[in-house]
Each structure stands twice: as structure tokens, then as C-alpha cells.
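Full structure from sequences and hints, please.
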Amino acid sequence: MFKKILLPLDGSEMAEAVIPYGEELFRKLGSSLVLFHSCGAAHRSARNMHRLYIEKAAEIIRQRLEKDSAPGNSRVNGEQVSGEFVPAVCSYIDEKQVDLIIMVAHGFTSPILDSVVDDIARLASCPTLLVRPKQAEGAGDLVQRILVPLDGTAYSQQILNIARPVAEGLGAEVILFSAVKSAGIHPTAVEADKKNAREYLLSVSRLLKGINVSVAVAEAADFAVAIDEAALNTKSDMIAMVTNSPLTEWAESSLARKLLNKGATSLLVTHRK
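For the sequence shown, the UniProt record's numbering begins at 1 and goes up steadily by one.
Hints are not guaranteed to be accurate.
Said to hold, decoys possible - Distance condition first, Cα-Cα at most 25 Å in a straight line; then the derived DSS-like pairs of lysine-lysine:
no.: 1; residue 1: Lys181; residue 2: Lys209
no.: 2; residue 1: Lys4; residue 2: Lys273
no.: 3; residue 1: Lys67; residue 2: Lys28
no.: 4; residue 1: Lys181; residue 2: Lys134
no.: 5; residue 1: Lys262; residue 2: Lys195
no.: 6; residue 1: Lys134; residue 2: Lys273
Stated by the list, open to error - Quick list of simulated restraints, FRET-style, between CB atoms:
no.: 7; residue 1: Ala264; residue 2: Ser214; range: 17 to 27 Å
no.: 8; residue 1: Arg47; residue 2: Glu199; range: 52 to 62 Å
no.: 9; residue 1: Glu199; residue 2: Glu84; range: 45 to 55 Å
no.: 10; residue 1: Leu65; residue 2: Glu199; range: 41 to 51 Å
no.: 11; residue 1: Gly171; residue 2: Arg64; range: 14 to 24 Å
no.: 12; residue 1: Thr188; residue 2: Glu137; range: 44 to 54 Å
no.: 13; residue 1: Asn261; residue 2: Glu137; range: 18 to 28 Å
no.: 14; residue 1: Arg64; residue 2: His106; range: 24 to 34 Å
Note that these hints are calculated values from the structure, not bench results. We put the CB at the ideal spot given by N, CA and C, even for glycine.
The structure is reproduced here in C-alpha cells:
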């Protein structure tokens with residue numbers, strides 16, 4: 001599953017909200033962690049300072065997670081590279097075969113702020129987990145319930161290839177969710193659509209034997225809003241879903257982008273294959 005996880009840090013407290021998630025995946029999935037920083041031309045004078053920060057952060061996490069590990073055999077390491085953030089991250093992911101990148105959904109330091117997160121979610125070749133700082137403040141397990149929105153298409157079900165092993169490893173419940181349109185539709189037809197959606201979700205749930213699975217169906221005018229509300233109503237800690245083509249369809253109308261920009265729950269996205 002997620003053997004190698006990249007945690008980009010920029011020295012800010014907000015960016016460090018990724019660390020508790022990385023530590024939880026380290027403990028429960030056996031992942032290795034790479035604390036990452038890229039130094040662009042504009043910040044070259046601060047290169048040594050950032051390198052020391054990354055090295056110190058890695059040392060602190062290493063001491064917390066690997067008290068008994070042999071020297072030189074750590075699964076927690078720091079990495080600083082030269083280059084602008086987005087291309088540097090994407091190149092590193094490809095070259096080092098990173099399996100997951102974790103970033104804060106908003107607030108990563110950049111001249112254009114959230115567009116950096118947009119670009120990584122759109123261009124990274126591996127799945128991206130976008131976390132909410134407030135969720136990282138909670139005590140205990142960070143991911144206990146995973147909401148998986150499905151729309152009846154085969155491509156939306158591709159997320160199960162990720163959600164299943166993550167749920168197994170974390171001991172999390174999976175909530176399969178779908179919504180049906182109700183505006184301007186006769187109530188009888190709406191109820192029929194809800195019944196069909198529930199039957200579809202139940203059929204999918206049977207593919208997830210060995211996992212605690214529940215299903216939920218809602219009426220909605222906007223699927224993104226429905227997903228966000230369902231995550232809140234079910235107290236889900238993460239939404240896991242497939243996005244469309246990374247290059248052409250990460251548009252303003254994209255469900256994933258709406259949830260990233262306006263949602264309140266951490267978001268795990270992977271691109272449709």
C-alpha cells in the first residue's frame with residue numbers, strides 16, 4: 001500500500017499538521033516517511049536554515065517512533081532539494097516511487113497559496129491526502145471513519161483499491177455514500193432512485209468482506225455539498241474518492257476541487273485510470 005509517504009514542510013506550524021497523519025500511517029501501515037523541502041531560487045540564502053529544520057524535524061519524529069531501531073535503518077528521513085516546489089515535488093514522487101503525499105488542504109506557504117495544493121492534487125502521479133489542521137488536533141486515532149462517495153460508475157469504484165487496504169490497516173469503518181437529485185423530480189421517482197442507490201451501495205459493500213461497512217443515501221441538488229454534509233453527519237475523518245483526468249478535468253466544477261476548497265473533512269484523492 002503506502003510504503004513511502006512524502007510530507008512536505010515549509011517551517012510553518014500549519015504545514016506541520018501533516019505529521020500526525022504520517023505518524024499514524026507509519027505505526028499502522030508500516031510506511032516510511034520522508035520529510036521534504038524544496039528550496040527555490042528566491043530562498044537560496046535560507047537553504048541551510050531549511051535543511052537544519054528538516055533534519056531536526058526528522059530526528060524528533062524518529063526518536064518518537066523508532067526508539068529501538070538500529071542506527072542507519074530508519075524509516076523516517078529528511079530530504080531537501082533545489083527547485084520550485086510543485087515541479088520539485090512531482091519529480092521527486094516519480095523518481096523515488098512515492099506512494100502517497102500528505103499536504104495541508106489550505107495555507108501552504110507560497111506566493112499563490114492554495115494554488116500550490118491545487119497543482120499538487122492535479123499533477124502528482126500518486127494519491128494525495130489533503131488534511132485539515134483542526135482534525136489533526138484530536139487525540140487518539142485520526143482516521144476512524146472513511147466516507148467513500150460512489151456514483152454508480154466503474155471508475156468511481158477504483159477508489160476501493162485504496163480505501164480497502166487503508167481501512168484494513170487503520171481499523172477504520174468505510175461508509176459508502178451516494179446522492180440522488182430531488183429538485184423538480186416527483187417524490188415517488190426520488191424514492192425509487194434512493195432505493196436503487198441503496199441497493200447499488202449494498203452490492204458494492206459485499207465486495208468489502210472483513211471490513212466494517214455501512215451505506216448512506218441522501219437527496220441533493222449539489223453532489224459536492226451532499227458529500228461534505230454526509231461526512232459531517234457520519235462524523236467521517238476522511239473522504240476518499242477518484243478524480244477525473246489530472247490534466248484536463250481538474251476544473252472549477254470538479255467535485256474534488258469543490259471539496260478541497262470548501263469542505264471541512266480531510267480528502268484522499270487519486271486520479272482515474
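Against the structure, the hints come out as follows:
| no. | hint | verdict |
| --- | --- | --- |
| 1 | Lys181 / Lys209 | violated, 30 Å |
| 2 | Lys4 / Lys273 | holds, 21 Å |
| 3 | Lys67 / Lys28 | holds, 16 Å |
| 4 | Lys181 / Lys134 | violated, 32 Å |
| 5 | Lys262 / Lys195 | violated, 29 Å |
| 6 | Lys134 / Lys273 | violated, 32 Å |
| 7 | Ala264 / Ser214: 17 to 27 Å | holds, 20 Å |
| 8 | Arg47 / Glu199: 52 to 62 Å | holds, 58 Å |
| 9 | Glu199 / Glu84: 45 to 55 Å | holds, 49 Å |
| 10 | Leu65 / Glu199: 41 to 51 Å | holds, 44 Å |
| 11 | Gly171 / Arg64: 14 to 24 Å | holds, 21 Å |
| 12 | Thr188 / Glu137: 44 to 54 Å | holds, 46 Å |
| 13 | Asn261 / Glu137: 18 to 28 Å | holds, 21 Å |
| 14 | Arg64 / His106: 24 to 34 Å | holds, 26 Å |
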